[in-house]
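K.L.:
Given the coordinates of chain W, work out where chains D, Y and H should sit on it, guided by the hints.
Letter by letter, the chains look like this.
There are 4 protein chains.
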Amino acid sequence: MNSWGERFRLSLWGESHGEQIGVSIDGLPAGIALCEEDFEADLSRRRAGSAGTTPRYESDAPHIISGLFKGHTTGAPLTILFRNENTRSKDYSSLKSHPRPSHADFVAQQKYGGYNDYRGGGHFSGRVTLALVAAGVVAKKILGNTIDFTTDITHIGGCADKEQFTAIIAEAQREQDSVGGVVECCVNGIPTGWGEPFFDSAESLIAHLLFSVPAIKGVEFGSGFEAAAMRGSEHNDCIIEADGTTLTNHAGGIVGGITNGNELVVRAAVKPTASIAKEQMTYNFASGKVEPLAITGRHDTCIALRAAVVVEAAVAIALAELKLRA
Amino acid sequence: MNSWGERFRLSLWGESHGEQIGVSIDGLPAGIALCEEDFEADLSRRRAGSAGTTPRYESDAPHIISGLFKGHTTGAPLTILFRNENTRSKDYSSLKSHPRPSHADFVAQQKYGGYNDYRGGGHFSGRVTLALVAAGVVAKKILGNTIDFTTDITHIGGCADKEQFTAIIAEAQREQDSVGGVVECCVNGIPTGWGEPFFDSAESLIAHLLFSVPAIKGVEFGSGFEAAAMRGSEHNDCIIEADGTTLTNHAGGIVGGITNGNELVVRAAVKPTASIAKEQMTYNFASGKVEPLAITGRHDTCIALRAAVVVEAAVAIALAELKLRA
Amino acid sequence: MNSWGERFRLSLWGESHGEQIGVSIDGLPAGIALCEEDFEADLSRRRAGSAGTTPRYESDAPHIISGLFKGHTTGAPLTILFRNENTRSKDYSSLKSHPRPSHADFVAQQKYGGYNDYRGGGHFSGRVTLALVAAGVVAKKILGNTIDFTTDITHIGGCADKEQFTAIIAEAQREQDSVGGVVECCVNGIPTGWGEPFFDSAESLIAHLLFSVPAIKGVEFGSGFEAAAMRGSEHNDCIIEADGTTLTNHAGGIVGGITNGNELVVRAAVKPTASIAKEQMTYNFASGKVEPLAITGRHDTCIALRAAVVVEAAVAIALAELKLRA
Amino acid sequence: MNSWGERFRLSLWGESHGEQIGVSIDGLPAGIALCEEDFEADLSRRRAGSAGTTPRYESDAPHIISGLFKGHTTGAPLTILFRNENTRSKDYSSLKSHPRPSHADFVAQQKYGGYNDYRGGGHFSGRVTLALVAAGVVAKKILGNTIDFTTDITHIGGCADKEQFTAIIAEAQREQDSVGGVVECCVNGIPTGWGEPFFDSAESLIAHLLFSVPAIKGVEFGSGFEAAAMRGSEHNDCIIEADGTTLTNHAGGIVGGITNGNELVVRAAVKPTASIAKEQMTYNFASGKVEPLAITGRHDTCIALRAAVVVEAAVAIALAELKLRA
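So the sequences go chain by chain: W, D, Y and H. Counting from 108, one number per residue, gives the positions in the first sequence under this note's numbering. Counting from 108, one number per residue, gives the positions in the second sequence under this note's numbering. Counting from 108, one number per residue, gives the positions in the third sequence under this note's numbering. Counting from 108, one number per residue, gives the positions in the fourth sequence under this note's numbering.
Mixed in with the good hints, there may be bad ones.
As the list makes no split between identical chains, a pair holds if one copy fits it or if it spans any two.
[Claimed, not checked] Simulated pairs of lysine-lysine, DSS-like, Cα-Cα distance not exceeding 25 Å:
{"id": "1", "residue 1": "Lys385", "residue 2": "Lys396"}
{"id": "2", "residue 1": "Lys197", "residue 2": "Lys177"}
{"id": "3", "residue 1": "Lys203", "residue 2": "Lys177"}
{"id": "4", "residue 1": "Lys177", "residue 2": "Lys248"}
{"id": "5", "residue 1": "Lys197", "residue 2": "Lys385"}
{"id": "6", "residue 1": "Lys203", "residue 2": "Lys396"}
{"id": "7", "residue 1": "Lys385", "residue 2": "Lys203"}
The set of hints was computed from the structure by calculation and includes no laboratory data.
One chain only, chain W, in its complex shape:
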């Protein structure tokens, strides 16, 4: 449901147009230095504002209400709140009768008998990932300085040439459309031995969290789907040092579900933003007919841009959990 983890246990809550988004993290060791400023770098990466992102700007200032004393974690749950500021008071009830394609509008209504908060997608909104990014910041504190994250957009609209990214997004935006992308997260400095057999493999925990992030439809490690096209002699990573260093890293740093000391490499496929201004034909429950829908409001042309730090947070959380178990 909305909690995850055994040792780094987080619970999150909130809705797109509710009062607050929040997260409580339990299991934190006491004595970790932390302040509200520590969140700024990652929150700003998630924040809207650059080309291709929504003009709905929110300051997203974190407010720590428990678990911190004299600048350090106490061992009690650390709780962080974010106030929803810029929620437009427009009428969202049309989402009930004319649900947006590839959004959770329809399934949420079915699942919750119409009691779901449908405004802006409610609890299904990408806004909830704010809590995940905050938890990711705390997770990185646990991982410490020796573990480095490099997260990048490797593809937009199927194109791997970064020089073209801006143009691809601009074109989609002009056409009132959106475009997908691939996020790659590489982590260096992970020691050998994180991950538990059978069900708590490093891949299982990371993928579990990544597939919780709205818009992610694929996850692969190392060579991933390309591995399926390879020969064993080509894919196998031969060990060349006593510390387990391998000549290649097709495994993406995980063998048998356990980290092997190499760079962790994971990629997530982010679908194009479902909300587009371009007209779409879809079922209108009010009229009982398939009718055109043009989604107004402020939306990201390429949500993959803002998803990068969310992917990184998810990976960091899974790794913090694994570290605390190791």
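P.N.:
Same frame as chain W, but now just chains D, Y and H:
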């Protein structure tokens, strides 16, 4: 670790060359008709024997030792044991000094301080998936007859032409090599509304289980990685009926982490079997040098063939869990 | 840790002198009518003010920040915050050097390396039970109107005569001392069949929660410790109706860990308030000597009075969990 | 349900008259020396044979089928099986129509729609505690030699004079009746700091497990219910040494849910064996009348005798879990 699920809760154990492999399933409703013969169909799909699979043949007869009374589940834990029959008594200690590339030999030794059972990979062996297949059979009983699984190999060695599969495998085998593949599992008949926000999305639970299966390095739903190359107008699945039926199914049957009543489509990338007879250079801890290793013994040329039913079982287990929660 | 439950899953946080106390409840069915006024009755039972309770008065107004829309639960996490108002700004650092006997001051300092928030006991304060009482109110909504709670103080200071209670408390207060008590919670209307074997017996879940409540040192069901003095012929509850009604109820409504349709009867022993104004000799870490300690501040003479509604809340939460699983 | 624990995670299964009882323990550190003989001492304490215990004798030889290699735990799940040997083949179907008072017969039938294995109580039988005792042996290995258990029967039939115990039991047996008792478990050598706030207090985990044991109806720590009759000045344990040693131990070694370095003292009330040969009036579902029932077969006159080692095992398991979390 080695247990998974809240409502369909399974615990598994065993090693490749230990005495028994087993699984205990808790949370089963009472009154489900079940007998040992019910397992045969799926177990035979996992069993070796056909071209491209290992000649290590085991009868894999399931033995139910608890939770069944007068042919029905009782509501108490259902426990199924499998005896390991065909465990060759050869000396496996060379795996400690000369670990096989892309196997868990090295990481397991590091993680468990050398106390791990290294014979045939021990608990990291694919043989443990026998327990998963058995649990999958029980999961399908919970899902009932209205839910249909179609699981297929869509690619072998990067090739999508099924007519070529036999030749591709034969060639790899001749060259003492192995080859990867892609397994696709499609499920029809799932009602709208299975899956829980945030962390227990249908995708999260399915991917969690799939990435527990040895050799799986990628998982995608619906269009998956191709979605990342699409426009929103192209990817969005427009609703065309009052029951939520969509014109297309790029989402693969899951929106916002919740099933939407369409066919569930999930694909898993299976890496080539790591054990190959072909010589590989890799570190020998005994000599302290990189030295050639030729893995003898009986191995699958294309483990994707036998992985298909394991993928299906993993999907069935996740769906049973979701059904019992819905 | 600070979360509990699978189906009625609550996470709580906060410290005695922190900014806020809160609780988030996940797994709630959608469509339950709820408003902030619904909490008043139980919160007022926990609130200080009457004879024998602390003069630290707080309004304890619940503030719902997520999971509620148009007066009903949405199926998303319901989060309730309470602001700590009346936190005196005095210096609590003496608790570090001169820990209060039978308080968590010393163990918390040891466990958290001195990073714990020691002000007023921090996260170990009874103030955190505010979150439990709030969750109890929500639990009762799930249980519905057919389930009735009757919670009573049966003993104070070893005395079972309620007419004497006021005098006993007054005397203890005059002597700057405190006094313990027994709380009994009886629940009518529970159907047969709640509780799960083996570890999730109704008794296990209820006792788990009750022993989380500070000051509770004993829990018994039905005849409880008296059962240990009985013969089987005396203790056995003979069934006298087809619906399972029994002639006696020595079992307190639970047999084999499963509710049997009779009244649930559970009692909790509440120790005397550890904070007393009366001087006590205890170790002073600053001086390295055993020295007198007189605890100033506002304290309950008989914490059992305010614990009654907390006990009731704990029982309600366990029952809501069991109902959602049944 | 039938699994418990996060770090010392056990799953158990089996029925009184099924084929096997078993337990699988996950989360064990690798490298713990263990052999089947290690179980004998505790299993023999649970075994029937002495005065007041059932004449149903079973050898209860443990059979380790996974997780052990070369005499040490491997880090993979350790699974232990026990064959049910002495299951009389008599007809138990009368339990369906004429359920035994204070047994689970009636509630199990209601809960599982009649599909439960009713022979000898099925999964609700005390025989399942065999698995708990086995797990307790493993738990003690984790706790190590510096932690000592002393478990004793302090009361039988309300009497605290041990010299009278044999006579009390003999008299009950002569009268075809049974008698209850109190088991006290004291543990020395526990360091300060085990236990987690809020829900995973040491008392919560221990009580959770104890109330899973059939026949236990009360649990108290330290002064327990007597604490409710005390003044604070009398009950408070004043610290007298820098290591936290207290002058008295009314808390029973746990303050604020955390161990404080003193002796852990926990008592469990064990009800009289429900199965008695003496005639009882109870509902017969076949005739629709309240009719006399005389339970034949082999039963313990005082189940508290055999429960002692089960109580000790439950405490050991909870402590192992807490140690692995600390």
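K.L.:
Are the hints correct? Go through all of them and say.
P.N.:
Hints, verified against the model:
1. Lys385 to Lys396: within (19 Å within a copy, 62 Å between copies)
2. Lys197 to Lys177: Between. Shortest inter-copy distance 16 Å satisfies the 25 Å Cα cut-off; intra-copy 42 Å does not.
3. Lys203 to Lys177: between (47 Å within a copy, 14 Å between copies)
4. Lys177 to Lys248: within (17 Å within a copy, 39 Å between copies)
5. Lys197 to Lys385: within (20 Å within a copy, 61 Å between copies)
6. Lys203 to Lys396: within (14 Å within a copy, 57 Å between copies)
7. Lys385 to Lys203: Close inside one copy (20 Å), not across copies (61 Å); limit 25 Å.
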